[in-house]
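Those sequence lines, one after another, are chains C and V. Under UniProt numbering, residues 1 to 52 are what the first sequence spells out, in order. Under UniProt numbering, residues 1 to 727 are what the second sequence spells out, in order.
Keep in mind the hints are simulated off the structure, nothing from the lab. Worth double-checking, as some hints may not be accurate.
What the hints assert, rightly or not - Distance windows between CB atoms, simulated:
id: 1; chain 1: C; residue 1: 51; chain 2: V; residue 2: 606; range: 36 to 42 Å
id: 2; chain 1: V; residue 1: 204; chain 2: C; residue 2: 10; range: 47 to 53 Å
id: 3; chain 1: V; residue 1: 360; chain 2: C; residue 2: 21; range: 53 to 59 Å
id: 4; chain 1: C; residue 1: 21; chain 2: V; residue 2: 359; range: 34 to 40 Å
id: 5; chain 1: C; residue 1: 6; chain 2: V; residue 2: 127; range: 31 to 37 Å
id: 6; chain 1: V; residue 1: 127; chain 2: C; residue 2: 51; range: 15 to 21 Å
id: 7; chain 1: V; residue 1: 165; chain 2: C; residue 2: 21; range: 42 to 48 Å
id: 8; chain 1: V; residue 1: 158; chain 2: C; residue 2: 24; range: 16 to 22 Å
id: 9; chain 1: V; residue 1: 678; chain 2: C; residue 2: 6; range: 50 to 56 Å
id: 10; chain 1: C; residue 1: 6; chain 2: V; residue 2: 204; range: 20 to 26 Å
As the list claims (entries may be wrong) - Among the chain C residues that face chain V by a calculated CB cut under 8 Å, a handful are:
id: 11; residue: 34
id: 12; residue: 43
id: 13; residue: 47
For every residue, glycine included, the Cβ atom is placed at its ideal position computed from N, Cα and C.
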Amino acid sequence: MQVLSYLIPISLALGGVGLLAFLYTVRSGQYDDPEGDSRRILSDEWDDHPKP
Amino acid sequence: MTAELRPPSAAACPGCLAAPVKPIEEAPKDARIALSLPGIHCQACISTVERELAATPGVQTARVNLTLKRAMIEADPDIRAVDLIPVLQRAGYEAHELDPGALQATQTDRAGRDLLMRLAVAGFASMNVMLLSVSVWSGASDATRDMFHWISAAITLPAIAFSAQPFFRNAWAALSVGRLNMDVPIVLAIVLALVTSLWETSLSGAHAYFDAALTLTFFLLAGRYLDYRTRAVARSAAEELTALEVPRALRLTADGTEEEVSVSALKIGDLIRVRPGGRMPVDGEITEGRSELDRSLLTGETVPVYAEPGFGVSAGEVNLTGPLTVRASAVGEDTSLHRIADLVAIAESGRSRYTSLADKAARLYAPGVHILSALSFAGWFLYTWDLRTALNIAAAVLIITCPCALGLAVPAVTTAASGRLFRKGMLIKHATALERLSQVDTVVFDKTGTLTAGTPELTNLGDHTSADLEIALALAEGSSHPLSVALTRAAREAGITPAKVSDLSEVPGFGTQGVWRGRQVRLGRAAWVGATQGVRTVAWLSVGEGEPHPFYFSDALRPGAAEAVAALQKSGKEVLLISGDTAGAVEALAQRLGIVKWVAEALPQDKAARIATLTDEGKKVLMVGDGLNDTAALAAAHVSISPASALDAARVASDIVLLGQDLSPIPDACDTAVKATRRIRENFRIATVYNLIAVPLAVAGLATPLIAALAMSSSSITVSLNALRLR
Numbered sequence: 001m002q003v004l005s006y007l008i009p010i011s012l013a014l015g016g017v018g019l020l021a022f023l024y025t026v027r028s029g030q031y032d033d034p035e036g037d038s039r040r041i042l043s044d045e046w047d048d049h050p051k052p
Numbered sequence: 001m002t003a004e005l006r007p008p009s010a011a012a013c014p015g016c017l018a019a020p021v022k023p024i025e026e027a028p029k030d031a032r033i034a035l036s037l038p039g040i041h042c043q044a045c046i047s048t049v050e051r052e053l054a055a056t057p058g059v060q061t062a063r064v065n066l067t068l069k070r071a072m073i074e075a076d077p078d079i080r081a082v083d084l085i086p087v088l089q090r091a092g093y094e095a096h097e098l099d100p101g102a103l104q105a106t107q108t109d110r111a112g113r114d115l116l117m118r119l120a121v122a123g124f125a126s127m128n129v130m131l132l133s134v135s136v137w138s139g140a141s142d143a144t145r146d147m148f149h150w151i152s153a154a155i156t157l158p159a160i161a162f163s164a165q166p167f168f169r170n171a172w173a174a175l176s177v178g179r180l181n182m183d184v185p186i187v188l189a190i191v192l193a194l195v196t197s198l199w200e201t202s203l204s205g206a207h208a209y210f211d212a213a214l215t216l217t218f219f220l221l222a223g224r225y226l227d228y229r230t231r232a233v234a235r236s237a238a239e240e241l242t243a244l245e246v247p248r249a250l251r252l253t254a255d256g257t258e259e260e261v262s263v264s265a266l267k268i269g270d271l272i273r274v275r276p277g278g279r280m281p282v283d284g285e286i287t288e289g290r291s292e293l294d295r296s297l298l299t300g301e302t303v304p305v306y307a308e309p310g311f312g313v314s315a316g317e318v319n320l321t322g323p324l325t326v327r328a329s330a331v332g333e334d335t336s337l338h339r340i341a342d343l344v345a346i347a348e349s350g351r352s353r354y355t356s357l358a359d360k361a362a363r364l365y366a367p368g369v370h371i372l373s374a375l376s377f378a379g380w381f382l383y384t385w386d387l388r389t390a391l392n393i394a395a396a397v398l399i400i401t402c403p404c405a406l407g408l409a410v411p412a413v414t415t416a417a418s419g420r421l422f423r424k425g426m427l428i429k430h431a432t433a434l435e436r437l438s439q440v441d442t443v444v445f446d447k448t449g450t451l452t453a454g455t456p457e458l459t460n461l462g463d464h465t466s467a468d469l470e471i472a473l474a475l476a477e478g479s480s481h482p483l484s485v486a487l488t489r490a491a492r493e494a495g496i497t498p499a500k501v502s503d504l505s506e507v508p509g510f511g512t513q514g515v516w517r518g519r520q521v522r523l524g525r526a527a528w529v530g531a532t533q534g535v536r537t538v539a540w541l542s543v544g545e546g547e548p549h550p551f552y553f554s555d556a557l558r559p560g561a562a563e564a565v566a567a568l569q570k571s572g573k574e575v576l577l578i579s580g581d582t583a584g585a586v587e588a589l590a591q592r593l594g595i596v597k598w599v600a601e602a603l604p605q606d607k608a609a610r611i612a613t614l615t616d617e618g619k620k621v622l623m624v625g626d627g628l629n630d631t632a633a634l635a636a637a638h639v640s641i642s643p644a645s646a647l648d649a650a651r652v653a654s655d656i657v658l659l660g661q662d663l664s665p666i667p668d669a670c671d672t673a674v675k676a677t678r679r680i681r682e683n684f685r686i687a688t689v690y691n692l693i694a695v696p697l698a699v700a701g702l703a704t705p706l707i708a709a710l711a712m713s714s715s716s717i718t719v720s721l722n723a724l725r726l727r
């Protein structure tokens with residue numbers, strides 16, 4: 001059961017990374033236009049180079 | 001929600017805050033323009049709109065938000081929204097200017113973000129604790145189990161302290177005024193679960209409900225968030241409509257020049273210039289100029305009224321032909337536009353008595369849960385004289401009965417239904433509007449601006465000789481009066497070419513005149529060309545000899561009006577037409593649409609009274625109207641719809657706003673509302689069934705944290721899936 005003493009902190013830390021990543025996406029407004037973003041990916045307009 | 005109440009915002013009118021006398025042109029360097037695009041729906045639309053806008057000189061960036069159906073544009077200061085709207089219209093998209101200041105509330109959506117953070121923290125914590133709990137359920141024992149419980153406690157306590165704050169706050173607000181709401185049993189369940197679990201853990205007990213407390217918080221926050229989002233979308237769209245209102249006026253200064261000021265800066269006695277096509281910003285008296293006024297939004301009458309110096313005008317009337325100067329006699333809150341608010345307040349008191357399904361459920365549910373839990377505590381305590389067992393069982397009962405699914409039952413359905421209706425161009429402004437819409441059995445329509453588009457249509461083109469038509473077309477083309485525009489359109493479509501008319505001039509308030517083959521020809525009001533005024537909307541053509549020829553106009557039907565009325569009648573609803581217009585015009589329209597019951601020349605009070613009578617007869621009335629004269633009726637009706645073209649006051653008074661031109665979504669909305677209400681009831685039933693199975697186990701002391709978790713998750717998921725069937 002020694003394995004638990006480092007597996008649990010590791011799993012919590014990994015979960016925490018996920019949480020922080022999510023909070024980052026919220027703060028940078030990535031959920032402001034879910035409809036539009038789901039459609040924009042279908043556009044081939046900026047496939048070759050990013051939008052200036 | 002009214003634009004008038006809000007102080008002038010910096011983004012809308014940067015000059016208004018610092019120095020109200022500065023003209024609007026002195027805007028900040030990168031003017032931010034917001035456009036509402038109700039017609040966009042796909043990826044191709046985004047690309048086209050963004051490309052068209054970016055190709056316009058002066059525009060730096062343009063970004064479309066498809067969810068809000070809106071475009072935000074960074075452009076040079078000299079670019080105005082009016083320059084960009086035609087660009088989009090050429091590309092085939094309906095566009096309207098928005099006041100970016102009025103939109104700021106939704107841009108920095110702090111409350112929504114806050115709720116999402118709490119949801120994220122609760123989700124993260126509940127998943128971790130659930131994993132630890134799974135190992136406990138699958139057989140971890142002794143020291144391992146205790147360690148898992150302690151780790152769970154260490155995660156749960158701060159997570160709950162952060163994420164469950166909205167519930168704590170709401171419950172406290174309700175308790176401090178001595179009432180019970182849905183949040184009280186929630187908070188009690190969470191707190192009791194935490195306390196007993198901590199106690200159990202410290203005594204190395206087997207059952208800890210940390211996972212249940214967190215999952216509960218997570219599911220309930222999900223419900224709250226859905227609810228919030230639905231309302232935020234509606235609110236932002238409603239704000240958008242407010243942002244469409246004209247917040248500016250042209251004031252004449254002492255030296256006779258015009259300056260553009262915000263309407264809120266106007267004072268009594270100011271001289272205001274109203275250009276043709278403009279809406280009166282104030283009540284007042286005309287001091288200069290002649291024109292015709294369209295009062296249809298206020299009274300419902302379609303025939304324009306002649307206006308000359310000394311004539312009184314009301315805010316909201318539209319100036320048609322000549323420029324007018326108006327001396328303000330009442331501004332802002334005192335205008336007749338705002339006095340209607342009293343009528344609305346009286347009418348609304350009737351509607352606020354509606355209790356939503358959720359409230360009804362909570363009223364039954366909240367005391368029931370507390371009594372059940374208290375009884376099981378008392379029963380077990382008397383039976384075993386063991387406080388620990390009794391408290392454990394009371395906590396289990398509270399957790400299992402906790403309104404997890406109930407908290408999701410309504411928001412999940414309203415989110416799905418509102419989303420579906422929003423895609424069809426309907427905006428649900430009020431939380432219980434869908435429930436009320438589902439009960440409707442009588443539909444009352446207003447005429448002008450609601451069933452009709454407010455644009456006239458020539459009806460007797462065939463009665464005229466082509467020579468007359470050629471002269472009429474030549475005269476009509478010289479004017480921007482709505483009747484002239486309609487005549488021009490009809491004549492052009494019929495392939496008529498204009499005759500050669502010289503010395504063309506428009507006489508504001510009367511009509512257009514010119515010289516044709518040495519004779520004076522006139523197109524305009526009856527008295528001006530020597531005819532007698534009838535009740536119908538008519539323009540007379542005089543060709544210098546013989547009787548003047550009448551051109552009759554009727555109001556063009558709004559697209560989808562006929563379909564909407566037919567579909568509503570087919571579904572067994574009674575359809576009425578109540579208008580402030582003349583009997584002839586109303587009867588003609590009623591016959592055209594197959595409406596049997598109609599009332600003409602109704603004053604605003606009459607409309608509200610008629611609705612009240614219907615309500616007293618036990619009818620559930622849906623009122624569809626747009627004018628100021630409909631406002632009281634909109635507020636008095638069980639549920640109300642107004643088109644986006646309606647006055648601000650009318651939109652505020654109504655529960656649902658139609659975003660496009662088309663009326664045909666109305667019967668559809670009724671069907672969706674009926675379905676949504678049925679889903680809500682089903683959801684309540686599903687939640688009850690889960691409770692009926694799990695509660696006896698809990699009361700009998702057989703419930704384990706595993707059973708609690710299973711009951712809670714499966715009922716919440718079933719309820720959400722059931723709601724999604726509506727999309």
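Against the structure, the hints come out as follows:
1. Against the hinted window of 36 to 42 Å, the Cβ-Cβ separation of residue 51 (chain C) and residue 606 (chain V) comes to about 58 Å, which falls outside the hint.
2. Restraint check, residue 204 (chain V) to residue 10 (chain C): a C-beta distance of roughly 26 Å breaks the suggested window 47 to 53 Å.
3. Residue 360 (chain V) and residue 21 (chain C) have their C-beta atoms about 42 Å apart, which leaves the hinted 53 to 59 Å range violated.
4. At roughly 39 Å, the beta carbons of residue 21 (chain C) and residue 359 (chain V) sit within the given window of 34 to 40 Å.
5. Checked against the given bound of 31 to 37 Å, the beta carbons of residue 6 (chain C) and residue 127 (chain V), roughly 20 Å apart, lie outside it.
6. The hint said 15 to 21 Å for the Cβ distance between residue 127 (chain V) and residue 51 (chain C), and at roughly 36 Å that hint is violated.
7. For the hinted restraint 42 to 48 Å between residue 165 (chain V) and residue 21 (chain C), the CB-CB distance of approximately 23 Å leaves it violated.
8. Under the hint 16 to 22 Å, the C-beta atoms of residue 158 (chain V) and residue 24 (chain C), about 20 Å apart, fit the expected range.
9. At about 53 Å, the beta-carbon gap between residue 678 (chain V) and residue 6 (chain C) stays in the expected band of 50 to 56 Å.
10. Between residue 6 (chain C) and residue 204 (chain V) the C-beta distance comes to about 24 Å, which sits within the given range of 20 to 26 Å.
11. Below 8 Å, beta-carbon pairs count as interface contacts, and residue 34 (chain C) has one with chain V at about 6 Å; its hint therefore holds.
12. Checking residue 43 (chain C) against chain V by beta carbon gives a least distance of about 5 Å; that is within 8 Å, so the hint holds.
13. A least Cβ separation of about 12 Å between residue 47 (chain C) and chain V goes past the 8 Å threshold, and the interface hint is therefore violated.
Checked against the numbered hints above, the structure violates hints 1, 2, 3, 5, 6, 7, 13; every other hint is satisfied.
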